[in-house]
Amino acid sequence: MKNTDTAGLEKEFQDRIDRGEIIEPKDWMPERYRKQLIRMMSQHAHSEVVGMLPEGNWITRAPSLRRKAVLLAKVQDEAGHGLYIYSAAETLGADRKDLLAEFLSGRAKYSSIFNYPTLTWADMGAIGWLVDGAAIINQTALAKCSYGPYARAMIRICKEENFHHKQGYEILSTLMKGSLPQRAMAQDAVNRWWWPSLMMFGPQDANSPNSEELLRWKVKKYSNDELRQRFIDRTVPQAEHIGLSFPDPLLKWNEKRRHYDFGKINWEEFFNVINGRGPCNRERMKARKKADEDGLWVRLAAEAYAAKHPNLN
Amino acid sequence: MSTTENTQWKLWEVFTQPKQGEPYEHAGSLRAPDKEIALQNARDVYARRNEAVSIWVVPSECIAATSPADSGSFFDPANDKVYRHPTFYKTPEGVKF
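If you're matching them up, the sequences are chains A and B in order.
The numbering of the first sequence is the working numbering, which starts it at 36 and goes up by one.
The numbering of the second sequence is the working numbering, which starts it at 938 and goes up by one.
Possibly wrong hints are sitting among the right ones.
Unchecked claim - If we take Cβ atoms under 8 Å as the criterion, some of the chain A residues that face chain B in the derived model are:
hint: 1; residue: Glu59
hint: 2; residue: Lys61
hint: 3; residue: Asp62
hint: 4; residue: Gly115
hint: 5; residue: Leu118
hint: 6; residue: Tyr119
hint: 7; residue: Ser122
hint: 8; residue: Arg131
hint: 9; residue: Lys132
hint: 10; residue: Ala337
hint: 11; residue: Glu338
hint: 12; residue: Ala341
hint: 13; residue: His344
hint: 14; residue: Leu347
hint: 15; residue: Asn348
Claimed, not checked - Some chain B residues judged to face chain A by a derived CB distance under 8 Å, without partners named:
hint: 16; residue: Gln945
hint: 17; residue: Gly965
hint: 18; residue: Ser966
hint: 19; residue: Leu967
hint: 20; residue: Arg968
hint: 21; residue: Pro970
hint: 22; residue: Asp971
hint: 23; residue: Lys972
hint: 24; residue: Glu973
hint: 25; residue: Ile974
hint: 26; residue: Val982
hint: 27; residue: Arg985
hint: 28; residue: Ser1004
hint: 29; residue: Pro1005
Stated by the list, open to error - Simulated crosslink set (DSBU-like; lysine-lysine; CA at most 30 Å straight-line):
hint: 30; chain 1: B; residue 1: Lys956; chain 2: A; residue 2: Lys201
hint: 31; chain 1: A; residue 1: Lys201; chain 2: A; residue 2: Lys103
hint: 32; chain 1: B; residue 1: Lys947; chain 2: A; residue 2: Lys132
hint: 33; chain 1: A; residue 1: Lys343; chain 2: B; residue 2: Lys972
hint: 34; chain 1: B; residue 1: Lys947; chain 2: A; residue 2: Lys325
hint: 35; chain 1: A; residue 1: Lys324; chain 2: B; residue 2: Lys947
hint: 36; chain 1: A; residue 1: Lys201; chain 2: A; residue 2: Lys179
hint: 37; chain 1: A; residue 1: Lys144; chain 2: A; residue 2: Lys61
hint: 38; chain 1: A; residue 1: Lys61; chain 2: B; residue 2: Lys1018
hint: 39; chain 1: B; residue 1: Lys972; chain 2: A; residue 2: Lys132
hint: 40; chain 1: A; residue 1: Lys144; chain 2: A; residue 2: Lys70
In short, the hints are calculated from the structure, not lab data.
Even glycine gets a Cβ: it sits at the ideal position worked out from N, Cα and C.
Here chain B stands alone, though its shape is the one from the complex (with noise of 0.2 Å):
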């Protein structure tokens, strides 16, 4: 390893939790040779003003997604099934839920 270059570190995305009990969510990402640093950037980083009570860090490399080309055949399959939302029942008038 050259001593005067940069050398990049892995890619890692964060990802936080706003308050306890709610959905984790998607901050952004950063770079840190390990974990326990991806862990503390990723405090300094994001969550610098209480956005966060808790912390994931996932080298992004282990993410799969879905792509944006084939996102409509993807994601068709719950197109036409409205019978899957309440809305979709007709109750008798004056019965309440």
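So that you can see chain A by itself, here it is in the shape it has in the complex (with noise of 0.2 Å):
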């Protein structure tokens, strides 16, 4: 009997979704879709508060006050951009302090580019340009999914993300107009940054467990492959326009696809990246951990200013 009650009930719940319905906090839903919202919002979050150090290493060294400026701003933002999409997560009964404990602890995965390192002020343009424009791609999908806490949160953060793609371009396109060594610090953090970007979208199709479900509940609008292509049509004649090119010999147009082909993407170093094997995996855990840690007077301070003032709550 009891079974037969949550077939009817994922049965209307897929006959809501299939008729393009927005699924809220309190409906009904499979105990398996929470739990993957909450599996891939809960990373989706921890890869905004991650995305943070790579950028914060060079906010003390950008080259002018504007420059400057625009940087801590953006940094700014991946703080605001972590917790909409914390708070959508609870939204699902998630605990906002599991969430985190799970991250302190390193059992939760994040966005695996975030492990690489930022060696040179370029490293700030390509971030801006590549690793925000994907995210662009992935997020104005997800700002049409299912499940109306994330793709509410989804349409502000993309919002925010246009600036961040800009400001990244037009690093790069200061630093095309510059000198040699200029133009050469340029091509060389396009080249480092140019693969981890396209393993962003995640493993291919074939190789991506989860996608077919997703796709199903519509939390996924479009695959991983579908995803990828659209991003690299957009981005290719982008870098034209400013002189770059991208480390890939096999890229090139194919007129009757009407696509762009690309060479193959090494997935053995996405997966090592992933389970924690990638170049700075441990110092971004560290630097994470270091921040929780250092914060946690102002936290006690505030709690205790809270207790002291009744009016206050």
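Dock the two chains into a complex; use the hints.
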């Protein structure tokens, strides 16, 4: 009896999804839908938070006050993005405290891209243009996902990411108008960030175990490979425009497909980095833990103050 | 209280008024230990680009809401009262309103 009830509810749920309805926090949903969303959203939120570290590294060394103010604003946005998504995850009954504990313990995953080092100022350009560019493609798709709070958080985030994307491109196009060493620095950054950016869309469809289910629930609207192709098609002409190239000899416009063809992605590297063996995994987790520990006294002071002033509660 | 553990702060719902004279909209939620910090966090999280001229924060636990399961019967008293709309009424041709 119980089973038939669940089957009925699940069918009704799928019908709602198929009709394009948006699921809200208090609506009935399959336990697995809830779990998958909490997994995706918490990984996404952790990624935003870790994403502050590679760029935070350059705030004190930005080449001008304008660039410094911009970079600060961008890093502050990433903190905000993490918060929007943690809040959205909490509407599913997840506890932020648990999500953070899982993150700090090193058990939770986050985007592999943030485990690469930022070696030169040009990396700030490459991150804004390529990493945030890839994130926009992913997040624009998620802005139409079936879970209301996640979709709404994405709409807000996409608006802000557009500034990140353009400021990155501006950094590189400025460098490309500069001296030979400046142009070489821009090209070097792009060489290092191109492949990891393509990996941001996740494994190929054939190797993406969660994709089928997420597509059926319209949590994902497009497959990893579709979004990756969209990113490449959009980005190659932008590179050509300022004289940058990508480190892929097979990257070429295919007139028949009306898309760019591209070379093979090194998935071994991807899985190594995701599983904690990237160049900066340890450093990122260490920095994150330190920030949490260093901030503890501030949080405790705020709590003590609130406890002393009941009229503020 | 343990000094090595993160305690969970109270959850607040944030409402922002985009422009003077406009209604407040739900912007999202956040956690804060008290209302002063809730307001400051709300400004930093939901109004970094002049999205608000005024902010309300309300403890989430204070909000009562309709439940999706009951929303059909809850709202149906309005379903059969088309005469509450001006389009229900026939008026002679040529008269201007």
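Please write out, lowest number first, the hints stated earlier that are contradicted by the structure. none
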